[in-house]
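Build the full structure now, drawing on both the sequences and the hints.
Protein chains in written order, with this note's numbering: chain A, 1 to 554; chain B, 1 to 314.
Simulated from the structure, these hints should not be mistaken for laboratory data. The reader is advised that the hints may include incorrect statements.
In silico SDA-like links for lysine to any residue, alpha-carbon gap of 20 Å or less [as the list claims (entries may be wrong)]:
no. : chain 1 : residue 1 : chain 2 : residue 2
1   : A       : K400      : A       : D384
2   : A       : K242      : A       : G420
3   : B       : K128      : A       : S222
4   : B       : K308      : B       : M233
5   : B       : K14       : A       : I8
6   : A       : K400      : A       : R352
7   : A       : K400      : A       : A387
8   : A       : K400      : A       : V355
9   : B       : K128      : A       : V295
10  : B       : K128      : A       : M300
11  : B       : K128      : A       : A223
12  : A       : K242      : A       : R271
13  : B       : K128      : A       : R306
According to the in silico footprint, chain A covers these stretches of chain B (three or more CB under 8 Å from chain A) [claimed, not checked]:
no. : region
14  : 25-35
15  : 172-184
16  : 264-270
17  : 278-290
With beta-carbon atoms standing in for the labels, derived distance ranges [unchecked claim]:
no. : chain 1 : residue 1 : chain 2 : residue 2 : range
18  : A       : D408      : B       : V122      : 52 to 58 Å
19  : B       : L151      : A       : D450      : 25 to 31 Å
20  : B       : F309      : A       : D224      : 33 to 39 Å
21  : B       : L151      : A       : Q52       : 46 to 52 Å
22  : A       : Q52       : B       : I87       : 52 to 58 Å
23  : B       : L126      : A       : G455      : 30 to 36 Å
24  : B       : F309      : A       : P212      : 50 to 56 Å
25  : A       : D450      : B       : L141      : 34 to 40 Å
26  : B       : V122      : A       : R37       : 40 to 46 Å
27  : B       : D155      : A       : R268      : 58 to 64 Å
28  : A       : M93       : B       : I117      : 32 to 38 Å
29  : A       : P212      : B       : I179      : 26 to 32 Å
30  : A       : M93       : B       : T234      : 29 to 35 Å
Heads up, the beta-carbon is just placed ideally off N, CA and C, and yes, glycines get one too.
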Amino acid sequence: MTKRYVSIIMLGTFLVLSSLHVARVTLQESDIQVGGRRIVRVAHSMSEPRTQAAFRELADEYEELHPGVRIRIQTIPPRAYEQWVTTQLMGEMAPDLVQILETSGHWANLAQTHMQSLTHHINQPNPYNKGTTLEAHPWRETFIDGMDGGYFLHLMDFYGVPLTLETTRLFYNRDLFLEATGSDQPPENFSEWMDICDQLHTYRDQRRRDEPRYHMFPIAGSADDDYIPHYFNPLTAGMMDKYDIGLWGLPNPMATLYGLHTETFTLRHPRIRLGFEALRDIASHFQPGFMNDQVEQRRMLFVQERAAMVLGNTQDLGYYQEICNFRVGVFNFPRIDASHPRYGEAYEGPPRERVAGTFSFGLTRTSRNADIALDFLRFTTARDRNAEFCSALDWFPAIKGAPLLNPDLEVFAPQEEGVGRYPVFYITGSTQLYVEQNLPLYLDGQMTFDSFMTGLENEWITEVPAEVDRLIRIWIRNQEQTEFNVSRSKARMLFAEAGPVEAELFPGGGTPYQMGLEIIELLDTGNVSRRFIWDALQRGDYTFPPPHHPSAIP
Amino acid sequence: MKRVHRKNLRYHWKVYGFVLPALILIAVFAYYPAAAAIYYAFHLWDGHGPGVYVGLDNFRRAFADPVVHHGFTLVLILVIANLFKMIPSMVTAVVIHRLTSARWNYFYRAMFVIPMIIPQMVAILLWKFYYDPTFGVINALLENTGMLDGLVWVDQQLGWGVFRPGIRPAWLAQRELVIPSLIFWGFPWVGVVGVLIYLAGLANIGQDVYDAARVDGVGPFRLFLNVEFPLIMTQFRLNLILMVIFTLRNYELFLVVLGDGGGPGGGGMVPGLYMFRKAFVDQEAGYASTIGLLMFLLILVLTWINQKFVRVEK
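Structure representation (structure tokens):
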């Protein structure tokens, strides 16, 4: 009997102790003020010690400037980061600032529900740029990418502040280049690049005579490599313009669908053929089965000198320079130009790179020190601070005019001028699946261009119309639900006795007048111009309909 | 079944109270998702927001979908291959059971339990690494033993066009090699759980049965065929059901190894993987539910056939 009570008492004690521990941790996590200092929590997924040290240094500088503030930085392993942030946001325990990994899909849902729109802050100057040429510029305009890396297209709002710019380039083993080709200089153009690859093949075959187990590939590739736009787009740019019936001005799958269904366009077009042949030329120098490999595998090939070149982004520069036992160089994608004997006839111009900042941070709705968190973001993106932060990591700064302290970074400057509007050859669904399954076969020489494209055209013609129809039906149903929610909010506003208006529901919400204008705007013009309303409301010169609305144009 | 009267509840409420949390959890986490999947199988649904009722459209689409056809054909091939892959487990169990030394018997049993603590994902990644064209053990073995040259020679004689001189085969990236590689996966196919289940069945065979067989002069192979196998038929049937269910449901291996596209030419696109892709890549959760429901019905039918036709002699 006594034993029974002992076990119950022990169980109860453990329960109480564990509850207390959980409560203590919970309170600690949600601390907003400790020892008279206000706490701002920041979470990100970059676990490399250099990133952590650079971030800490930035935080220390801020704390020195604002003694009443403490910045707590948490690093979550990349693989667990998304789940962790989701759980924290849903549990309303999220840090004040969280790194945003994407601007669409799941992250758009998170932003819409759990993060604060920054749209009405970005048109104010950044006070930390005082004394620089950026002093009078709105915060948004101080970014090289115009803060596009933090813009959520489907929500029509800015939710993130990017700290760096990321582009893909080619890293190469300078020692191996010298040994195999007699020069450690990178290629000037596409033809030279392919020549170097051939020389590397020859070098490998010669060396194999003495070392039968020697394996080396000119380029290490993976399924995630982003080389296709650099070669496909310059050869096919502009060819879809006449099918752009929606006047999007951007690559659009509907243009492909329209062209194929009116039988005025074919995916077997000679220019598309040339574009794909250029891709196959490059892929022939990758390791076998590269489309099944992940980024880690291609990195390993390069680091272990099993590949002479590897694709990588800005954030890889420091990594390769630190870890490789050979001299590492980096060069931009060698261009095909009009003088190329085979592809020159289809050449339209250099490819335009999408310039969008990365390593973005968003402000959570549950932040109880939102003013400080926002100020910390301004601090990190002041020109000088951003330059310091990025140079410590060999990253490309996100702010205009920030100096590049590592000259190797110059090659990562984004190519903003160039051609676009290439044909989109797949859309989510059967065509995407077809391309994912068969493009590796084409690139590996297991499938001909004609059989690849015939199959793809067949998918477009037989499957895509039904898929688009399904998408539209779901979209309409979701729109109905949105309209219903908007009407419910409108009713709440008009009939005050229904209870207070939920100010958080809409950006710029707060007074019924503001909300009323936004609802009318939302219903009348869709989401298109919602993000431009706030400043006009603040100045008191808001006019309806807005000047850019079709009904306002005589 | 004895009916519980309301007045008895007064005496049994504690029992019901203890069972209730488990029942609630099962209802919420097992029955509700299953019921929701049946509901959404008849809807166009993107995984969030309201769905659009479409009747049997999703089923008509699934029956006409070549990817679904391919998926179920692939599963059939894998089930047949797995039937043969069940043999090593059974043989291993019999060999361990027949060991006369109790110490060695215990040692081998323990050796078969230890791998159970290795997470499945680790095993998958290890095998993926074995198949790596550049660093993998399989290509290194083939190269060092000269077998790769042999394969190239056979290829040249038969005109397969799969094995090329001087090029290491990319086992998981060449259309023709994907399915054979997946079948070879896990060699020598001694399933830990399978061995333990067979050992449990073999342990129930009395010593008198073995003595009688010995007196009759039955050899080791006949002993297995006429005595041991019929007496572990219950365990074989259980393993068979588990294998069929696992083969039909399994998609994690394919997802990790080949990606959500099913690998080159879609060679590894099993129904489970297609369901995953439809739900989480194409945002067609309604259609994914339909594929899931078809898989469930197939498992149900196969289990029923197994129960009905695979006889167990008592």
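Could you tell me which of the hints above the structure violates, numbers in ascending order?
Of the numbered hints given earlier, those the structure breaks are 14, 18, 20, 27, 30, listed in rising order.
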